[in-house]
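Residue numbers (the UniProt record's numbering), protein chains in the order written: chain A, 1 to 370; chain B, 1 to 370; chain C, 1 to 370; chain D, 1 to 370.
Hints were generated in silico from the structure; no laboratory data involved.
Treat the hints with care, since some could be wrong.
Since the list can't tell identical chains apart, any single copy or any two copies may satisfy a pair.
[As the list claims (entries may be wrong)] 30 angstroms max Cα-Cα, derived DSSO-like pairs, lysine-lysine:
| hint | residue 1 | residue 2 |
| --- | --- | --- |
| 1 | Lys180 | Lys320 |
| 2 | Lys131 | Lys320 |
| 3 | Lys93 | Lys3 |
| 4 | Lys25 | Lys238 |
| 5 | Lys234 | Lys3 |
| 6 | Lys197 | Lys180 |
| 7 | Lys93 | Lys107 |
| 8 | Lys131 | Lys93 |
| 9 | Lys93 | Lys27 |
| 10 | Lys197 | Lys234 |
| 11 | Lys284 | Lys234 |
4 protein chains.
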Amino acid sequence: MNKQYEAAVIGGGIIGSAIAYYLAKEKIDTAVFDGGRIGEKTTSAAAGMLGAHSESIGDFSVFFPFARTSQRAYAALKDELYEQSGVDIGYKKGGILKLAYTEEDQKNLEPLLVQPTVQWLESEDVIYMEKEVSPDALGAAYIPDDVSVLPNRTCESFAKSAQALGASIFENHPVYSIEKQAGNYIIHTAQGDVEAKYVVVATGVLSNSLFKHLVLSERLSPVKGESLIVRADKPLLKHTLFHDSCYIVPRNNGTLVIGATMVENDWSDTVSLEGIQFLIEKAKTMMPAAAQLTIDRVIAGLRPGTFDGRPFIGRHPEDKHILVACGHYRNGILLAPATGQMIRDFILEKDIPSEWIEAFRVDRRQLVMA
Amino acid sequence: MNKQYEAAVIGGGIIGSAIAYYLAKEKIDTAVFDGGRIGEKTTSAAAGMLGAHSESIGDFSVFFPFARTSQRAYAALKDELYEQSGVDIGYKKGGILKLAYTEEDQKNLEPLLVQPTVQWLESEDVIYMEKEVSPDALGAAYIPDDVSVLPNRTCESFAKSAQALGASIFENHPVYSIEKQAGNYIIHTAQGDVEAKYVVVATGVLSNSLFKHLVLSERLSPVKGESLIVRADKPLLKHTLFHDSCYIVPRNNGTLVIGATMVENDWSDTVSLEGIQFLIEKAKTMMPAAAQLTIDRVIAGLRPGTFDGRPFIGRHPEDKHILVACGHYRNGILLAPATGQMIRDFILEKDIPSEWIEAFRVDRRQLVMA
Amino acid sequence: MNKQYEAAVIGGGIIGSAIAYYLAKEKIDTAVFDGGRIGEKTTSAAAGMLGAHSESIGDFSVFFPFARTSQRAYAALKDELYEQSGVDIGYKKGGILKLAYTEEDQKNLEPLLVQPTVQWLESEDVIYMEKEVSPDALGAAYIPDDVSVLPNRTCESFAKSAQALGASIFENHPVYSIEKQAGNYIIHTAQGDVEAKYVVVATGVLSNSLFKHLVLSERLSPVKGESLIVRADKPLLKHTLFHDSCYIVPRNNGTLVIGATMVENDWSDTVSLEGIQFLIEKAKTMMPAAAQLTIDRVIAGLRPGTFDGRPFIGRHPEDKHILVACGHYRNGILLAPATGQMIRDFILEKDIPSEWIEAFRVDRRQLVMA
Amino acid sequence: MNKQYEAAVIGGGIIGSAIAYYLAKEKIDTAVFDGGRIGEKTTSAAAGMLGAHSESIGDFSVFFPFARTSQRAYAALKDELYEQSGVDIGYKKGGILKLAYTEEDQKNLEPLLVQPTVQWLESEDVIYMEKEVSPDALGAAYIPDDVSVLPNRTCESFAKSAQALGASIFENHPVYSIEKQAGNYIIHTAQGDVEAKYVVVATGVLSNSLFKHLVLSERLSPVKGESLIVRADKPLLKHTLFHDSCYIVPRNNGTLVIGATMVENDWSDTVSLEGIQFLIEKAKTMMPAAAQLTIDRVIAGLRPGTFDGRPFIGRHPEDKHILVACGHYRNGILLAPATGQMIRDFILEKDIPSEWIEAFRVDRRQLVMA
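With the hints as constraints, model all of the structure from the sequences given.
Next comes the structure, spelled out in structure tokens:
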């Protein structure tokens, strides 16, 4: 293990891997430390929807432009990453049909429908597009740009591309502590110590211990998401169906993902029978034919929740060489590119939109309270 | 491949493997031909309950004594097979609590309760024995003798024990046809021909093609059973719960099986979302805490159904050197030893209770009709 | 099950699925019958190299133009199939480096090197392209057009595209026999009978029983291929390495395939320790760093071998409504499109190059002998 | 989560689970905290040999009596644990044949052969017992008492038995730090804080961070072990074969384990191709027929190595309420009962053989040096 790096990224999920990619592109000597294997935890349990629109409900002022920047980045990344790494990210067009069953549902879609990239479809148009959708739906917001990718492939593609550009990836290297020493940081890992000029904390819901260690007062809380990977015996869906936080995503590998539950403060990564029951009910509401889908496997992961639903992306309040990038909740895959770019810009001291800096800074709660 | 055998058993599921064991014990030179791997189909999808009592409802005259003989055989087999093969069959004591929720349920249990081996327990006694049982249960028939085994281990143990006693097992040997030649049978397989003096058809629900080929007019129809293999995070059940054809079986490997659906005329071995939903509902009815169980995997298999629910075990009506042993429906694991003994006795021309011969003969429908 | 089809394809591996696709495109009402699940046997054990050049050694006159036609078809199919089915076939550029270690190796490459699409690279150029290749290699034939796909995805994409165009796919429908009746064929399956005007036998190495049934004198013999699916902890290879019938194929899903053994007359689909040992040796010869690759899983499948190494594609000698498409040996994935097109052209009575008809007809051995 | 316990065991592998069992039996209110799932790491990669004799070479004075005590405990535990938990530990008789190929091998076996429980067998007697053993073996030390168990079942059985006796098991609870407060310990976990009177560190090779935190100067170093789980198509071995640190263990579930490599300072849990190659070579040396075994899956785990090869079992030198039980290297399964008993006796302040206290104390190196 090379003993000195310019940047040490702690955590090799989708966020840490994307950061490493953007840093390596700038020839910043970067190392990623993951306690297990790249992308094996929360990342691998994601559905991979790039739902810039569908996830922005209630936050079109800040979240949406940030998410949209990230979503757009993927259009170029899909070829760029493949070229670098040889690993295809499974980018799949089609977009999302966000279904409405009640007038209240329709009302909730209104802020979405004012976007020029979103279109209202009446029930018959929905069924024309996807004939298995429940006839009970009154209609849907159709969002062609909310495409999807395969999450663990995307993570692997970021990581291998970063390696191809010179970054080092250390798996099975849990980080115990970080120590300031003569202006640099000593990072203590199970396999020895390394030194770095910048440290990026990208450990998702497992960041609490490092937060405490770095005297950051916020904490992340897990919101477990359980999903079903299923198969159909014939072509069934071309678009993702979405309703009431749940979805059915057709993937480019022939499977569909039905997700996801929201189990608060559960640190396990098992899938319970009541979770499965909930998901099957939801799927049948969207598409009655879901009853005949066959199960392939189940997945579960811990979304890193924050007090206000927005991620922490920014500098440590007391030390600008320590950066934080975690708390992406339901949107880690979507926000990875914009997060990687933002961390890169902090390190290179480039301009970053001030509203993003404010919205995502780790001490925003205290600032508001003060 | 040795070209001549005294007995050729077609099918290496639990029935064919048990038959091979009993023949090999008598030093009959036996070969088993399976189209795939030993026990990989219906056998591997069974729960392994030895429900001599619980499955006899409506047939205490014939089915019960036969099933009881078989159940009792396992008590000795568990050591005998382990000694021969080194493979443990996972015999687990505890027995079954057959729950009653309504007066009708209770009435249905009456024929069972007259058995000296069955005891009625009031609700509070049931909950004393198993504290997670639903308080809605009025009580239960307690059947200590209806223990369980691990089905694929039992099948493997029969097969390896048969080998240890001299039998040959040929996996990946689908049998295409059987031809009579000079008093013996030529068995045509994908890998060449062999000759045998006796032929035993033990191919479960896949027997239709051989039945047609052997001019037997009966047909087997599949009743697909889907089950869930689940885990609990603490010790939960010591006894199998049973209600309304469904059950929760605690196994000696730490898992529990929730089974099983009954899907008629479905030849697939996939598990559908509606099947899963049904099983979770049933499990919660028996034990509300089932909602928190976590899923390990799902299994499905095709039970071989017959016109009257009883297996076909006996000689071909026209040719006593051709024997049939299939159609065991929900009870293949339970009935394997008694079936193996009965086929052995047909070949050795030993006495067999005449009511069993009559009840299980393959041409019984025509005889009744004639 | 609809009872009448224009064409019944027996076998839903890569060959049967491709045929169904080409027939469905012509609006021929087609049904595929598979004994298990689509693509689960030999197809799923293939590496997916489209080795038109690398596999043509010794047969540039007939095999090569046929294989090359098929290989070229994939360039368009990759988008066409994705559009129809939503399933990506995992097309991966890069091509093959066919390595030479001895003068004899070099000599064997000569017929390949006269092709304008193949280029000789000296050792240093090989290592410049792929720095982990063994320095013992004298050089390599570089074949950019011999790209690769993901076999089971390709099969699924063909099958789902065929369905999207109107074809029916029946899984778990083993076919027992075929009967001529009033000009049409009755196909007897485990789940009932159907009628068809044309029958296509595409059951790979399992065709022997149907061949016998259809009074075809040829037989297919299995050549088992075992492979390892492995992972590297960093980007390792961009091109497939090939030497002495073995290869290391980097896939677009981040894994590499090391294949394959050639075990004659073995009908099992297990992977033996000696097979694994052989593959690791071979891989290390091509790339010493292979020692540090980590195993993901193993696969095995039965290549359908023919007496002369060429497939059987053509009409039954006695009955032009019965077509045969099997025996593709090491090249099922590569040859699927051209085979599908050829079967389509037989049915539509379109022109087919006569040298292909002669080279692949099922009774070619007798014709030569006569 | 109950906030106060008498004893907190950190780590739920075989060692922590066994300790919890012995404490719970004494009605000590015990909680186990595991960062992931019970027994999923090193424990699940063990072969399960209870090699009290075969592993004592070079340490018959201290290690042997301790290991022998532990081995003997299993004879009773197998029924006791099953009774409590319903989970069978897979105890398998047969014993070990420790093979000798050279005179040097024979010489190395001498200290073993003076034990009354070990017997020398000449080559022909070995082959009489196990006919597939290589005829190159000069003979073997036969150790009937060195039986085996299934490691993860044993761990689960200890943990569930502990629960049945009142212990609490918390999975997915990584422990960050331990703090002394008013005579008790506050244990900080990802899911909150708990208080305990006694703390037991049983985190195997992952103990380094806690060791540092608790100001213990020793460190554990990983020695990765890779193994193959294989199957035979007929009964093959009744006894474990052992030679030169490698072994073939027949299990009571029908599989065999070929193990294990010794890769120093490798923290990954993947299985490399060179590891596999090494194991196959070793297996063939012991039993040429191993070449035909078929692979089921591979496993790997990190043995916790110590400076002198003996475990750390004892009190913290500065604080007798902190106990350590880690560093069991190759012998975690074997030593779990004796370790659990010893930790119990420390807490209950019962007598413990002083030579065990001295041999296993965590500060033994400094004492010697001092």
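Consistency of the hints with the structure:
For a Cα distance limit of 30 angstroms, the shortest separation of lysine 180 from lysine 320 inside one copy, 13 angstroms, qualifies, whereas the shortest one across copies, 33 angstroms, does not. Taking CA atoms no more than 30 angstroms apart as the test, lysine 131 paired with lysine 320 passes in neither setting, with 54 angstroms inside one copy and 40 angstroms between copies. For a Cα distance limit of 30 angstroms, the shortest separation of lysine 93 from lysine 3 qualifies neither inside one copy, at 43 angstroms, nor across copies, at 37 angstroms. In this assembly of identical chains, lysine 25 and lysine 238 lie within 30 angstroms of each other by CA distance solely across copies; the values are 20 angstroms between and 35 angstroms within a copy.
Within a single copy, lysine 234 and lysine 3 get their C-alpha atoms only as close as 54 angstroms, which misses the 30 angstroms cut-off; across copies the closest is 19 angstroms, which meets it. Proximity of lysine 197 and lysine 180 under a CA criterion of 30 angstroms is satisfied intra-copy only: 10 angstroms inside one chain copy versus 34 angstroms between copies. Taking identical chains as interchangeable, the C-alpha atoms of lysine 93 and lysine 107 lie at most 30 angstroms apart only when both belong to the same chain, with a minimum of 27 angstroms there against 48 angstroms between chains. For a Cα distance limit of 30 angstroms, the shortest separation of lysine 131 from lysine 93 inside one copy, 18 angstroms, qualifies, whereas the shortest one across copies, 36 angstroms, does not.
In the homo-oligomer, the alpha carbons of lysine 93 and lysine 27 lie at most 30 angstroms apart only across protomers (27 angstroms), although the nearest pairing inside one protomer, at 32 angstroms, exceeds that limit. Taking the closest pair of Cα atoms, lysine 197 and lysine 234 come within 30 angstroms of each other only across two copies (24 angstroms); inside a single copy the shortest separation is 54 angstroms, beyond that limit. For the homomeric pair lysine 284 and lysine 234, the shortest alpha-carbon distance inside one copy (17 angstroms) is at most 30 angstroms, but the shortest distance between copies (32 angstroms) is not.
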